[in-house]
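Enquirer: Using the sequences provided together with the hints, build the complete structure.
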Amino acid sequence: MAAVNSYAETPQERYQGNTPAAAPPSKQPLPAAKSVDTQSVLKRLQSELMSLMMSGDPGISAFPEEDNIFCWKGTITGSKDTVFEGTEYKLSLSFPNDYPFKPPKVKFETACFHPNVDIYGNICLDILQDKWSSAYDVRTILLSIQSLLGEPNTSSPLNTQAAQLWSNQEEYRKMVEKLYKPPTA
Amino acid sequence: MVSDSIANASAANSAPNARDFAKKKRANRSAKLKQCKLDARREQWLSQVKNKGSGEDSRGESRQRSGGGHQSLENLETRRRRDDENGSVHQDSDSESPSVSPIGLTGVLSGNHSSGNCTGSSSSCSSGSSTGCFSGSTTEEEEGGDDGCLDDWEAVADALAADEEPQNPPFDPPPEGETVGGVQSRGEHGKQSVVPDNSRSECVKRPPRTASANNQAWRPDDAFRPQSLPNLSKQYSFPNTNRHYGGGAIPWGCSKAISVPSSCPICFEDLDKTDSSFLPCLCGFRLCLFCHKRILEEDGRCPGCRKPYEHECSEAEPSLLEGSLTFRLTRSHSMITRA
Numbered sequence: 001m002a003a004v005n006s007y008a009e010t011p012q013e014r015y016q017g018n019t020p021a022a023a024p025p026s027k028q029p030l031p032a033a034k035s036v037d038t039q040s041v042l043k044r045l046q047s048e049l050m051s052l053m054m055s056g057d058p059g060i061s062a063f064p065e066e067d068n069i070f071c072w073k074g075t076i077t078g079s080k081d082t083v084f085e086g087t088e089y090k091l092s093l094s095f096p097n098d099y100p101f102k103p104p105k106v107k108f109e110t111a112c113f114h115p116n117v118d119i120y121g122n123i124c125l126d127i128l129q130d131k132w133s134s135a136y137d138v139r140t141i142l143l144s145i146q147s148l149l150g151e152p153n154t155s156s157p158l159n160t161q162a163a164q165l166w167s168n169q170e171e172y173r174k175m176v177e178k179l180y181k182p183p184t185a
Numbered sequence: 001m002v003s004d005s006i007a008n009a010s011a012a013n014s015a016p017n018a019r020d021f022a023k024k025k026r027a028n029r030s031a032k033l034k035q036c037k038l039d040a041r042r043e044q045w046l047s048q049v050k051n052k053g054s055g056e057d058s059r060g061e062s063r064q065r066s067g068g069g070h071q072s073l074e075n076l077e078t079r080r081r082r083d084d085e086n087g088s089v090h091q092d093s094d095s096e097s098p099s100v101s102p103i104g105l106t107g108v109l110s111g112n113h114s115s116g117n118c119t120g121s122s123s124s125c126s127s128g129s130s131t132g133c134f135s136g137s138t139t140e141e142e143e144g145g146d147d148g149c150l151d152d153w154e155a156v157a158d159a160l161a162a163d164e165e166p167q168n169p170p171f172d173p174p175p176e177g178e179t180v181g182g183v184q185s186r187g188e189h190g191k192q193s194v195v196p197d198n199s200r201s202e203c204v205k206r207p208p209r210t211a212s213a214n215n216q217a218w219r220p221d222d223a224f225r226p227q228s229l230p231n232l233s234k235q236y237s238f239p240n241t242n243r244h245y246g247g248g249a250i251p252w253g254c255s256k257a258i259s260v261p262s263s264c265p266i267c268f269e270d271l272d273k274t275d276s277s278f279l280p281c282l283c284g285f286r287l288c289l290f291c292h293k294r295i296l297e298e299d300g301r302c303p304g305c306r307k308p309y310e311h312e313c314s315e316a317e318p319s320l321l322e323g324s325l326t327f328r329l330t331r332s333h334s335m336i337t338r339a
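First to last, the protein sequences are chains L and F.
Its first residue numbered 1, the first sequence is counted upward by one per residue in the UniProt record's numbering.
Its first residue numbered 1, the second sequence is counted upward by one per residue in the UniProt record's numbering.
Hints are not guaranteed to be accurate.
[Said to hold, decoys possible] Which bits of chain L does chain F cover? Going by a derived footprint, with three or more residues having C-beta under 8 Å, they are: (1) 39-46; (2) 129-135.
[What the hints assert, rightly or not] Capping the alpha-carbon separation at 20 Å, the derived lysine to aspartate or glutamate pairs in DMTMM-like fashion look like this: (3) F:Lys293 to L:Asp67; (4) L:Lys43 to F:Glu269; (5) L:Lys105 to F:Glu298; (6) F:Lys307 to L:Asp130; (7) L:Lys43 to F:Asp272.
The hints are simulated quantities; they were obtained by calculation from the structure and are not laboratory data.
In this text, all values refer to a predicted model and were calculated from it rather than measured experimentally.
All C-beta atoms in this analysis are idealised placements derived from N, C-alpha and C, irrespective of residue type, glycine included.
Expert: This is the structure in structure tokens:
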């Protein structure tokens, strides 16, 4: 936790460096409450990490990046009996300073052929946007994404090709295998 | 004493055949009443010493208390009237002793009733009622001044009325309505002549309530303590916790033990007592006040069910809410009658 604590002082910069686009809006409205916010976010994230490691959910895991507890790397594995079975995907989660009142930004780092994931790894998932609740945490996010893999919402796809192919599960499985590049780390 | 003679006369007037009975009663009760009087006097004295200039209360009380030989008749009379009107005194000319009268009413109630179904309402009755009056007002005053004595009263009241508490405030209005007729007829009568008649009619009316009032000698004082203005906040807490909702406090504690998480699910800070009793949403999702405030500032939806927070149910536990509501009603009632 030494690294974590050292980041308590400058999470803003780290955070900004990692996701420059998202930082300004969350930063500017509350300049005075910054340190308080940071402290409470830290506490929350540390607690989440603890409970996530204790829970031992199969198929999901997450851990803060080496130097920034506001940026996590997560992995999910494709559930059994889905076309994603046997695959593993890496995701990045970056938490805003007003987390958990605002959702984290979650992206696939590993290319994922899925109707609701675009080629940049952006995910279209309601709970990461307007259906976000501060009661959600990393664990529920990862579980939601895991279940999203097997149950895509093909009516509003980010990847139209995947959405069209979804009806043909055999072909889809072949496509997943063809495009799948196991995460290196 | 004048009061004695009057009371006797009234007894003779109103119910000759009950006189013997009343006499017997009197003998029985005299010791008890003496004790009561002594207590009341002591309380009076204490309270007087403690808060000399405590405004209305002491004024009203001292006015009553000053009754020597010639005033005792008037005192008795006013007491009777209070007796008769049963709480609606304030509408009458008696408004100079506003703070005393509601209590006087209850004190009278208990005093009268404790003397049994005395049709004659003899001197024991009147003195009993006077004791009720005084002790009532003194209790009230003392609450403003000091807790030391108050605790005793509370303990007594608690012990006496633990099970019947909740019923008391609601009982307040009905008697008033019941005796409205008496009030009106009163206005027509002269001051002195009324005593026997009214006391008789009252005694006829009251027996049904006697039982409940009998074992609550001091309780009405407690229930009406809100009358003393200076102690608003303090009294406010009483009915909520021990008095009217003495029973309600237990479920509250239980629910806390059962369903309240030890830390806020949003910020993971420990929930303190206030947070634990804070149930902002009907879905039962609990969180600390800070996070709740934060959420209200932003999208204002409950994290547990995503429904917008409703402000009316974000105040407190239902039981507490009811408590304060009832209490407020009682208060406003007394305020209105006083004015």
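Enquirer: Each of the hints needs a verdict: does it hold here or not?
Expert: Tested hints:
1. 39-46: This one holds; 3 residues, not fewer than the three required, reach chain F with a Cβ under 8 Å.
2. 129-135: Holds, because 4 residues of the stretch 129-135 of chain L bring their Cβ atoms closer than 8 Å to Cβ atoms of chain F.
3. F:Lys293 to L:Asp67: Violated, because 32 Å separates the two Cα atoms, which is more than 20 Å.
4. L:Lys43 to F:Glu269: holds, 8 Å
5. L:Lys105 to F:Glu298: holds, 19 Å
6. F:Lys307 to L:Asp130: holds, 13 Å
7. L:Lys43 to F:Asp272: Holds, at about 17 Å.
Of the numbered hints listed earlier, the single one contradicted by the structure is hint 3.
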